[in-house]
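Using the sequences and the hints given, assemble the complete structure.
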Amino acid sequence: MKPILEISDLSVAYRAEGGDVRAVEQVNLTLHAGEVVGLCGESGSGKSTLAYGATRLLRPPAVVTGGSVKYYGNRITQGGHPVDILAQSKKDLKALRWREIAIVFQSAMNALNPVLRVEDQILDAIRAHLKMSGGEAREKAATLLDLVGIPRARLRSYPHELSGGMRQRVMIAMALAADPEVVIMDEPTTALDVVVQRDILAQIVELKETLGFAILFITHDLSLLLELADRIAVMYAGRLLETGSSQEIMRDPAHPYTRGLLNSFPSLHGPRRDLVGIPGSPPDLRSPDPGCPFIPRCAYALPSCSEVDMALDRVKGDSRPDHLTACPVVSVSQEGVLS
Amino acid sequence: MRALRNLWRNLPVTAKIGTILLGVFVLAGIIGPLLVSNSPGYENASPSLSLQPPSANYWLGTTQSGQDVLSQLLSGIRLTLELALLVGVIATALSVIVGVTSAFLGGIWDELLMLLANVFLVIPALPLLILVFGYLPGKGQLPTIIVLSALGWQWGARVIRAQTLMIRNRDFVAASRESGEKSWRIIFFEIIPNEVSLIASSFVNTVLYAIATSVALAFIGLADLNSWSLGTMLYWAQSQQALQLGAWWWFLPPGIAVALIGTALVLLNTGFDELGSPRLRASRGSARIAGKRVWATDPTPVIPHLAASPSRVSAFMHSFSRSSLLDDTPAGGELR
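Each protein sequence line maps, in turn, to chains S and V.
In case it helps, this note's numbering puts the first sequence at residues 3 to 341.
In case it helps, this note's numbering puts the second sequence at residues 30 to 365.
Hints were generated in silico from the structure; no laboratory data involved.
Hints may contain errors.
As the list claims (entries may be wrong) - Here are the simulated DSS-like pairs of lysine-lysine, each with C-alpha atoms no more than 25 Å apart in a straight line: (1) K210/S with K96/S; (2) K93/S with K133/S; (3) K321/V with K96/S; (4) K93/S with K210/S; (5) K133/S with K92/S; (6) K92/S with K45/V; (7) K93/S with K321/V; (8) K96/S with K142/S; (9) K96/S with K133/S.
Unchecked claim - Derived DEER-like restraints, expressed as beta-carbon distance ranges: (10) M134/S with L289/V: 28 to 34 Å; (11) V117/S with L145/V: 34 to 40 Å; (12) S208/V with S91/S: 54 to 60 Å; (13) V117/S with V42/V: 27 to 33 Å; (14) E163/S with F217/V: 39 to 45 Å; (15) W37/V with S91/S: 33 to 39 Å; (16) W213/V with D195/S: 51 to 57 Å; (17) V42/V with M3/S: 37 to 43 Å.
Quick caveat: nothing in here was measured; it's all calculated off a predicted structure.
Where is the CB? At the ideal position from N, CA and C, for every residue including glycine.
As structure tokens, this is what we get:
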């Protein structure tokens, strides 16, 4: 598979009184064409900052302090060199956003303008990013609603006349307006109940299959990702702790933090067991301690953990090339089970 | 002290300029009259001192009758500011009392008080003032203050009533009522703190109105012409043909002073707005990050190595910028 978006060594800081908050530290993450990558972590772990920092959508006081974000989309590169989003001008970025990389924002409640009809908002997006006549644009808006399964008559509705699920679908439709290569979804289903959530996820997968875009799916719900994502990246305190296919993450979680996450929700199969959460709370990102940020909460922590460089590496004893972890302590034992 | 410093930091640039400008005038009004040796009304009989342009002895020149313009200006600033601030306090207090009472009591009281406010709203203030002053026996400061206050509260009262109506229906007010708080406590501790920025900006507006109106009244002679305010200065300059005589030093200083005080108040008012609703601040304007100006709509800047903080001068200038909210640069600008 060819990469479509390659984030390497990206660091983002928020300037703040009493020191910069290093919300994202040297994160490497690659998104391949047509793939769903799930990014999960608890609140404040830097998942959204990573996604918005990579697309340079963060407002001051945020600063990208290093790294590169390469975009390989054919429409822009024409088969040549990838473009570095971090080096692009405001104008180039405008051409790139929505057309190439679109975002479905977190709360459809706030992202839709309450005084504009759904149609006008979709048309706004189409007009800003595509050259189309009025009639074509209208037709496009209607097809977009078809895509996400909302009746065309709803074009004339105002956001408050739609249910939460419909609003979220409208947001997805808008993101797809310019046929993007990459769609970043920032907790698109967090505010919805599980039934609607399931509907929308099914819809997303279907759309991905037909339109062929790649998805970076941000959520704090690991169980949801296990079902949805091809690959999962686990983030904590601004760093990636583990990446791997959802199978690998589910069966053989390598990082103690991932294990903690997996242990905090019940499994539908297998024997009943007591749920174990992760005690403690995330560290202050202003003055991080050296080494692994998870040490204070980790049951496996060794003195040597404070010298870990947090680079992602293969799990010790594991032969699979894509299952990477930042934890050098955990390894695969003789029986092939992680210990 | 720390709270004050934080407040200063949080003010937008416009409000900082307004504060400094107004501070200069207040200072001039307080200590200015003590610094000049000539009393404003002293008429120098020597014809050689009549209508002199600015010189070393008379920094702002002299009037037709040999009076010191600088001395008049400083006394004028004092008197005008005194009057305006008093009117501001009285009228704003009236508008808070009427507005909050009206919204809080509701029903017939609301109707009556708002009827009163509406009547005052449609009264054209300046013509009425001219009429009133035409019939008043004395024309000193006191009647001016009373009349201006009586005619300056209605706008604020309506705005504060509207805001109180809104806050009164919020859940936290309902909660404090349920928990048995007394009405006065709800008003003073739950409602009014939420209206501070509104009250402050209403106060500033009223002061502005008082300055403009009192100067206008004095200019047409409806004031105590024996006292020295910015308005009476303009009155004398006009009645003794300063403009025709080309004595710019006579009418320009009071005019500019009025304009600058007005500007300062308007700038200050925008500051109160933003202080009251921090969202205003976040959604526009720019920050300075590592020497680069970044607007809210700009792409996130890419700065590989964040620079250490700047020199003393730029650190001082930096304190005017929005980004000074973001980093805790010590006043001297030492390296972090």
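* Identify every previously stated hint that the structure contradicts and give their numbers, smallest first. => Of the numbered hints, 4, 6, 10, 16 and 17 do not hold.
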